[in-house]
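> Each chain is listed here by its residues.
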Amino acid sequence: MTRKKEQLLSFVALIVLAILTYLAQNYLDNYKLRILNLGAIYATLGVSLNLIFGFTGQFSLGHAGFMAIGAYTTALLIMPPMYKEMTFIIEPLIWPLNVLQLPFIVALLLGGLFAAILAILIGLPVLRLKGDYLGIATLGFAEIVRVIANNIPQVTNGALGLKGIPQYTNLWWTMGFAVLTVFIVKRLISSSYGRALMAIRENEIAAEAIGVNLTYHKVMSFTISAFFAGIGGGLLASLLTTIDPRAFMFIMTFNVLIVVVIGGLGSITGTVIAAFLFNFCLEYLRPIEEGFSLGPLSIPEVPGLRMVTFSLLLLVVILFKQNGLMGEIEFTWKGFFRFLSRFKANRPMKGEGM
Amino acid sequence: MLRVENLHVHYGGIHALKGISLEVPEGKIITLIGANGAGKSTTLRTICGLVEKSDGKIFYRERDISSLDTRERTMEGLVMVPEGRRIFPNLTVYENLQLGSFMRTDEAGINKDLQWVYELFPILEERREQKAGTLSGGEQQMLAVGRALMSRPKLLLMDEPSLGLAPLLVKEIFEIIEEIKNQGTTILLIEQNAYAALNIADYAYVLETGKISMKGPGRDLLNNDEVRKAYLGG
Ligand SMILES: Nc1ncnc2c1ncn2[C@@H]1O[C@H](COP(=O)(O)OP(=O)(O)OP(=O)(O)O)[C@@H](O)[C@H]1O
Ligand SMILES: [Mg+2]
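From first to last, the protein sequence lines are chains A and B. Position one of the first sequence corresponds to residue 480 (our numbering), numbered consecutively onward. Position one of the second sequence corresponds to residue 0 (our numbering), numbered consecutively onward.
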């Protein structure tokens with residue numbers, strides 16, 4: 480299959496996706512829309528985490544921190560000044576945030592940008608660490624962001640959080656950014672730059688020996704990852720319309736991590752599938768928290784049982800299917816048609832064998 | 000091309016290199032032999048900047064390269080094939096080779112060198128789409144050499160390229176090393192297989208617990224009684 484043809488197919492697929500988005504946005508109820516929106520946001524978050532963790536091999540647990548930066552930035556920039564005045568009752572919001580109101584897209588991009596800048600600042604010292612140590616350091620960073628958010632009420636309204644954030648997020652925005660993230664990360668990893676990232680993941684000494692600048696590449700990957708985490712946070716804030724520091728506890732990072740591991744470290748396709756699957760399951764497993772009976776066994780109401788289920792699922796994946804749903808396999812048109820033709824070949828032709 | 004003067008290296012309290020000096024003239028194969036733990040790998044790693052020296056000087060093309068890091072030395076054409084097949088196991092053979100040319104931008108030259116590597120190691124072309132980690136040990140060793148060649152080195156530092164290879168392959172890899180030299184690449188070779196190494200070396204150094212104990216043209220050492228006793232099994 481030629482490159483031209485593949486591009487054409489991708490273009491057609493994009494149009495189909497746009498039509499589906501249009502239909503969903505206009506005909507689905509709010510409840511279903513919300514699940515789809517969350518799925519798309521998790522796809523953005525998951526693919527960005529996969530860039531630094533799956534492709535570059537750097538165990539980063541700081542996603543919630545970057546999301547918080549994006550969420551607060553976006554929320555503060557899109558809330559109408561009047562709302563802010565009503566929300567900040569303990570301490571008034573500082574100037575110029577109290578009078579500023581920007582378009583949604585500008586606010587989102589600024590949120591991503593701040594997250595990215597912070598990623599450069601903390602990435603430079605922290606990315607020298609490896610493995611578990613890096614995980615602990617980035618986890619610490621995310622906690623620091625949360626604690627700070629709790630303690631500067633003149634900016635974040637402290638533990639009360641922000642309410643009444645305008646709900647601009649819709650399926651166009653979430654799908655749009657999911658597609659953009661997939662596109663950019665895909666382009667990145669199929670370039671020589673991306674191969675350098677994978678070289679780092681495989682073997683740092685050998686990567687250095689072929690001339691890969693470890694610091695530069697790791698920090699770049701970390702920064703791009705943080706940028707999309709910031710955007711994801713902003714989209715989430717405007718979808719939920721209310722945020723507070725507790726929304727960005729470690730469990731947030733853990734959720735994204737589940738998506739990445741279940742989808743497959745190093746597979747964008749797997750991450751996207753897992754992102755939607757995760758949010759569907761999270762919704763449809765809701766009844767199990769409300770208590771149910773299993774034959775003679777009656778299980779009382781247990782809030783959080785869904786997460787327990789997911790943690791178990793994660794364990795099962797790690798134990799039995801270490802590479803996740805997709806391993807490192809990616810969707811390609813070639814593979815897609817090969818897959819289809821397998822069905823054709825297996826189906827007996829009419830009149831055959833009679 | 001390369002001159003090392005009075006090199007000292009410490010690992011914590013261990014004095015691994017105790018003032019060694021050696022010279023690698025352009026267009027030659029120089030070999031460094033010695034027992035396990037003598038400090039051969041340490042010497043190479045220090046030359047390419049992976050290990051910090053505590054004293055001494057390293058001149059590469061008449062220039063003190065102490066201030067350059069590994070990457071910059073690689074850019075200057077000082078390239079190492081590390082010990083123990085440090086390939087990228089989850090990438091394909093082809094991707095591994097491509098990564099060897101990471102620093103280069105001359106597409107035409109890269110493709111030419113790729114063809115050359117495939118000529119030297121036909122098995123690599125056959126297995127180009129295979130994950131490098133699933134290659135046999137010997138094939139991985141070839142891939143490591145091929146990848147280093149893809150960066151078009153001026154001086155190639157090889158750490159035990161024959162390690163773990165079957166006798167027939169050992170012979171082949173030494174032929175390839177000579178071929179690489181004939182194509183204009185200078186080589187500093189570390190070997191356990193002293194016999195083969197001394198055979199192709201223009202000049203050789205014997206390293207003993209961090210010190211150079213003997214040196215001379217390869218053939219001379221091959222006939223030296225002490226060397227025969229210690230490294231060639233009598
Ligand atoms: N990273 C390190 N930390 C501490 N000691 C080290 C380190 N690397 C090497 N050494 C020590 O330095 C000495 C020289 O090691 P080196 O690896 O250079 O030996 P070698 O000549 O390459 O041996 P071999 O033939 O077994 O590969 C050894 O005693 C080794 O234990
Ligand atoms: Mg060694």
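It should be emphasised that the hints constitute simulated quantities derived from the structure, not laboratory data. Please note that the accuracy of each hint is not assured.
Think about it this way: if two alpha-carbon atoms lie no more than 25 Å apart in a straight line, the pair counts; the simulated BS3-like pairs of lysine-lysine are [unchecked claim]:
no.: 1; chain 1: B; residue 1: Lys130; chain 2: A; residue 2: Lys813
no.: 2; chain 1: B; residue 1: Lys27; chain 2: B; residue 2: Lys130
no.: 3; chain 1: A; residue 1: Lys800; chain 2: B; residue 2: Lys52
no.: 4; chain 1: A; residue 1: Lys609; chain 2: B; residue 2: Lys153
no.: 5; chain 1: B; residue 1: Lys228; chain 2: A; residue 2: Lys665
no.: 6; chain 1: B; residue 1: Lys214; chain 2: B; residue 2: Lys228
Listing some non-contacts, in silico: residues in chain A with all C-beta distances to chain B over 12 Å [stated by the list, open to error]:
no.: 7; residue: Leu507
no.: 8; residue: Arg674
no.: 9; residue: Ile679
no.: 10; residue: Thr694
no.: 11; residue: Ala726
no.: 12; residue: Cys760
no.: 13; residue: Leu793
From the three backbone atoms N, C-alpha and C, an ideal C-beta is built for every residue, glycine too.
> With 12 Å as the threshold, tell me whether Cys760(A) passes as away from chain B on beta-carbon distances.
For Cys760(A), whose nearest Cβ neighbour in chain B is about 29 Å away, the distance exceeds 12 Å, so it holds.
> Regarding the pair Lys130(B) and Lys813(A), is the alpha-carbon distance no greater than 25 Å?
holds (20 Å)
> Taking the minimum C-beta separation from Thr694(A) to chain B, is that value above 12 Å?
Thr694(A) not clear of chain B: closest Cβ-Cβ about 10 Å, inside 12 Å.
> Does the alpha-carbon distance linking Lys228(B) and Lys665(A) stay inside the 25 Å limit?
violated (59 Å)
> Lys27(B) and Lys130(B) were given as a pair; does the straight-line alpha-carbon distance stay at or below 25 Å?
Measuring from Cα to Cα gives roughly 34 Å; hence the hint is violated.
> Is the hinted pair Lys214(B) and Lys228(B) satisfied, with a Cα-Cα distance of at most 25 Å?
Holds - the C-alpha atoms of Lys228(B) and Lys214(B) are around 16 Å apart, at most 25 Å.
> Please verify that the nearest CB of chain B lies beyond 12 Å from Leu793(A)'s CB.
Holds, since 22 Å exceeds 12 Å.
> Would you assess whether Leu507(A), listed as outside the interface, keeps its beta-carbon beyond 12 Å of every beta-carbon in chain B?
At roughly 40 Å from the nearest Cβ of chain B, Leu507(A) sits farther out than 12 Å, so the non-interface label holds.
> Take a quick look at whether Lys800(A) and Lys52(B) sit within 25 Å of each other, Cα to Cα.
Not OK: Lys800(A) and Lys52(B) at ~45 Å, beyond 25 Å, violated.
> Minimum Cβ separation between Arg674(A) and chain B greater than 12 Å?
About 6 Å separates Arg674(A) from the closest Cβ of chain B, which leaves it inside 12 Å; violated.
> Confirm or reject the statement that Ile679(A) sits farther than 12 Å, beta carbon to beta carbon, from all of chain B.
violated (10 Å)
> Holds or violated: are the alpha carbons of Lys609(A) and Lys153(B) at most 25 Å from each other?
Judged against 25 Å, a Cα distance of about 33 Å means the pair is violated.
Hint check: violations occur at hints 2, 3, 4, 5, 8, 9, 10; the rest are consistent with the structure.
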